[in-house]
Amino acid sequence: MAEPTPELPRGRLRVAFRLVRALVKHHKRLFFTAVGGAAVFAACTVLSAAIVRLITDDLIAPRFNNGSVSKSRVLVVLGALVLVGFVRAAAVVVRRTWAGRTAWRVTERLTGQVVQRLAQQPVPWHRQQTTGDLITRAGVDAEAATAILSPLPFATGVVVLVGLSSSWLVFTDLPLGLAAVAVFPALIALNINYQRRVEKYFNTAQDELGKLSAAVHESFDGVAVVKSFGAEGRETERLAQIARRLREARLGAVRLRSTFESLLDGIPTVVNACLLVGGAYRVRSGDMTIGELTSFIYLFTLLVFPLRLIGFALSEVPHSLAGWNRIQDLLKQPLVADPARLLQLNDDGIVRLEDLHFSHDGERQVLRGVNATIEAGRTVAVVGATGAGKTTLLHVIAGLIEADSGTISVPARGTRLVFQEPFLLAGSVQDNITLGAPIDQPTIDSALSIAEAEFLRDLPNGLATEIGERGVGLSGGQRQRLALARALACQPAVLLLDDTTSSLDPTTEAKVLANLRAALHETTVIAVASRPSTITLADDVLFLEEGVVVAHGRHDELMRDVSAYRKLIEAFEHDRAELEAELQS
Amino acid sequence: MSEPISRWTTVETIGRGVRAAPALRTGFGLTLALAMVGAGGRVTIPILIQQAIDRGFRKDDVQVDVVALLAGIALVVIAIASLAQRTAVARLGRRSEEALYGLRVRLFEHIHRLSIADHTEERKGALVARVTSDVETLAQFFQWGGLAWLLDGTLMLMVAGVMLSYDWVLALVAFAIAAPLGYVLRRVQSHLGRAYDKSRTTNAEVMTQISETIEGAETLRAYDATQEYAHRVEAASHERANAYIRAGTIGAFLFPSGEVFSVFTVAGVVTVGLLRGPSSGLTAGAMVGFLFLTYRFLEPIAEFTEVLDQTQTAVAGMRRVLGVLEIPIGPPEPDQPQILPAGPLAVSLDRVDFSYRTRGDEDEPPVLLGVTAHIPAGQQVAIVGETGSGKTTLGRLIARLADPTAGTVSVGGISLTRVANEDLRNRLTVVPQEPFLFEGTIAANLSFAHPNLSLADLERSIDVLDLRDWLDTLPDGINTEVGSRGSQLSAGERQLVALIRASLVDPAVLVLDEATSSVDALTEVRLARALERLASGRTTIAIAHRLSTAARADRVLVLHHGRLVDDGPHLELVQRGGVYARMYEAWVASTTVA
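If you read the sequences in order, they're chains A and B. Going by the working numbering, the first sequence opens with residue 1, and the numbers climb by one from there. Going by the working numbering, the second sequence opens with residue 1001, and the numbers climb by one from there.
Errors might be hidden in some of the hints.
[Claimed, not checked] On the chain A side, residues computed to face chain B include the following (Cβ under 10 Å):
| # | residue |
| --- | --- |
| 1 | 225 |
| 2 | 395 |
| 3 | 483 |
By construction, these hints were calculated from the structure, which means they are not laboratory data. As the structure is a computational prediction, the values presented were derived from the model and not from experiment. Even for Gly, the Cβ is constructed at its ideal location relative to N, Cα and C.
Turn these sequences into a full structure, and let the hints guide you.
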């Protein structure tokens, strides 16, 4: 919603009309029920004015001027008053209920469309988007797009009301009616003008509030730094500046509002006073009854509030339009081809990589011709310096991203990747392991035991314990073991581990690696590894340098034959060796 | 976050709120008086009609000049009333905005001065909420609810007064018939409140699920769970629509119930009026006037029930805001501070205990227990221990980001409780584990050390730490934007900035919380180089995560579950075979190639 509200061209009404037609396309019945309710409300409002006239002319006047009034007349008129009141109330209920239904069902539909689209787009597309932007489109924008629908039936009803009232006023008394009707456009224009002008202040205030909130987050997050440099006063002043801008924007709205509120209250009152004088002439000449004049003023008073709603509804148009456009942008983006389609599936359990190239945006080369054949059931450590392409290689094998060229053949039974940063969803432990897939309990049990993740059973509610935002917090190592269990529960042919065991303490890591070897004879494990202890547990090492496999073989062979590899491994030990030398000297 | 004072009543809360934000009280009497005059404008028409009918519209004789005269008087009244109302609205708006601004600034100031013990992870969100969403509930209240109290409240009083003055019997009839409306509205309102609570919960659920499916897109894709989770969002979105539609349906009955009551009230008033007739002194004009007044009287009631609800929310918000202001500010300034001696400073810990303040009443286990150690001036000390051993907290106590719950921390022989904050900040500096950078340039972040630093000072310190070669690799040198929380820099580079920032203070004591995250080799070299230069000649206390750092220090302090269990040089501790020796063995094992 950071985007500025677009300035609408002159055809605000036409734009609004087209937007609404697109929104309610699939929910016409709901929408027109609401509009129908609003129309009945409008008709009843005019009828109630007619009843005020009857009360004045047929009940009050005879009783107070002539001394008596017929009981039946009283019953009929007051009966009509109550009846019309009930119908009018029922019409409001129908209008509001169905307007809400329309708005929320349309929101539901839009949210669904966005979510489905997000689900269809593969990883490369997602990597090009910013998370916050997508969240806004699926959530806030969908609501913004439908914001126009809530006041709309009422606004439509108001148009009907203005039409009916105008006719009624004009039919009751032509000159006075015309005079009263002439005021409507002026009042509507005043309302619209006010809404537009106040909106600017509201938008500015909203922006400043967002900035204030971000700055407060930042400042409180960094409170340790603030305190260590004695900068409490300076930080307070920095935040106070933003708070001052917020105050100024709000004060602008207050000034505008106080003036317009008075005008919008005052003008109809002035008109009413003038109508009364005009009415006095018409009554004297016998063209009008006192009751008609009273109902005139009554109806005019009733119209003041609904008229304000037109301005309000129109002011929602730009927000709704912005939300709608942002959603349509997203839905119209073409589907990116799924990288997984390029994976060749085999039945022999081998992972075969031939001449794989990968670059970011065709520029930064990450993989420059990777070749490797990994037999079924092997455990392979992928080793290389930072930036050698280890993680990218794993993501290409998993079919998450698309190689620029080259071929990949993987077992048909599938691969499962454990990410470097495990992602846990808010929900139960069990749900985080299965991710909604029908996996039987023995499989889950064995996955937990291999991943050394049985501590999860000791949580307050066992595997049903909620984790994440609203539940139990897990440490980095615990999250990794849960993520590993998740992959194991799928029983894949190939397990891809991206530095998975690095956040475990050395003892637990050794146990996990031993479990993997003992339990998974047929599963191929391809693991990015940086600790010497992890590397030495693998059958083979795949040594990557600047996107190319420079060596593939046993660790001791590589230590003997490949000097770059030796250097890298020794660097891990270097720190300690240097230290020992230092201490001995 | 529960403050002990959360049991304040509504009246107490409002009283304390007004004292905390005195702008609210300034000239409130005048604002109220102006609002009363303004409300007079809105009963002018009913009175005018009554007067016109009774004085101008005689049987068969309409005196237009009388009606015109009355209308003329009414116009003057309306003009004055409109002006009064405008002034009242503007005054209320201005005062409340000023009050909220003052409240916000007080909160910023107070929260920044709270002890670090009050800034725990769990509380951070709550503190942010106090100055943003809670103050916003007050702002919303003043924009709508407060205004409604002012305008509609005075209007209802005024209308009731006019009704009573016309005919007290009819007025009482009107009040009696309308009274149950208040009860009905409260009932509907409480149902509505619950329905909206439920709606908000379902909405939060939808937003959480949406952000999860987006943030976790790669994981869901890698596990073929995309469709499953898309369906879950759709289901949650359906639930949300149901909840809001239900709440909307209840809300739809709110306004129309006022409608129904007003027709009954009008019917009642007309019936009683007709029965009593002109003999009771009632006039036709007053009867018609009553019709208008009845509608005017009932109009704001439905709105009022919403306002009551909003008022409760605002009072609750105010209560939470005041609660924060009641938390005593952390390490208090001494009354008569002692000046830290010049030159290098020693650090002493004497039976230091510490526990974090808890959210509820339950006792949090102590983080530090009876820690005693003397660190002579200029010594390089490393504090080691497992996660949760209390080593980070000990560093914070030495920097007086919080005071120990028992025992004393002294610097240069003076207890920290007797050292002025500013004096301490000039002599002791902390480099935190995850150095926090503010959005802005490197220069701006460095200037944070001291407000009066020149660009030349910054440049010089970069040379002193031998980091010129690093700075030259950045696109805009010292003017490079670091991004939100320093995200444009690598973890290692953020530490470099933090080191330079610390060096600008030129402290006698340096508390260094070593980072756990790994950094690339080149940055590692630069960090080590800069650190060595920064540490030399100063008392340095490193919270060490890497045992290589500990091994290089003059002396190692080993914490275990908050107690000091080992103290001595590296080699001695390894030979002694305690906690430290075990940690060292595990580290050696993990870095050894078989």
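To see whether the hints hold, each was checked on the structure:
{"no.": "1", "hint": "225", "in the structure": "5 Å, holds"}
{"no.": "2", "hint": "395", "in the structure": "8 Å, holds"}
{"no.": "3", "hint": "483", "in the structure": "8 Å, holds"}
In this structure, every one of the numbered hints holds.
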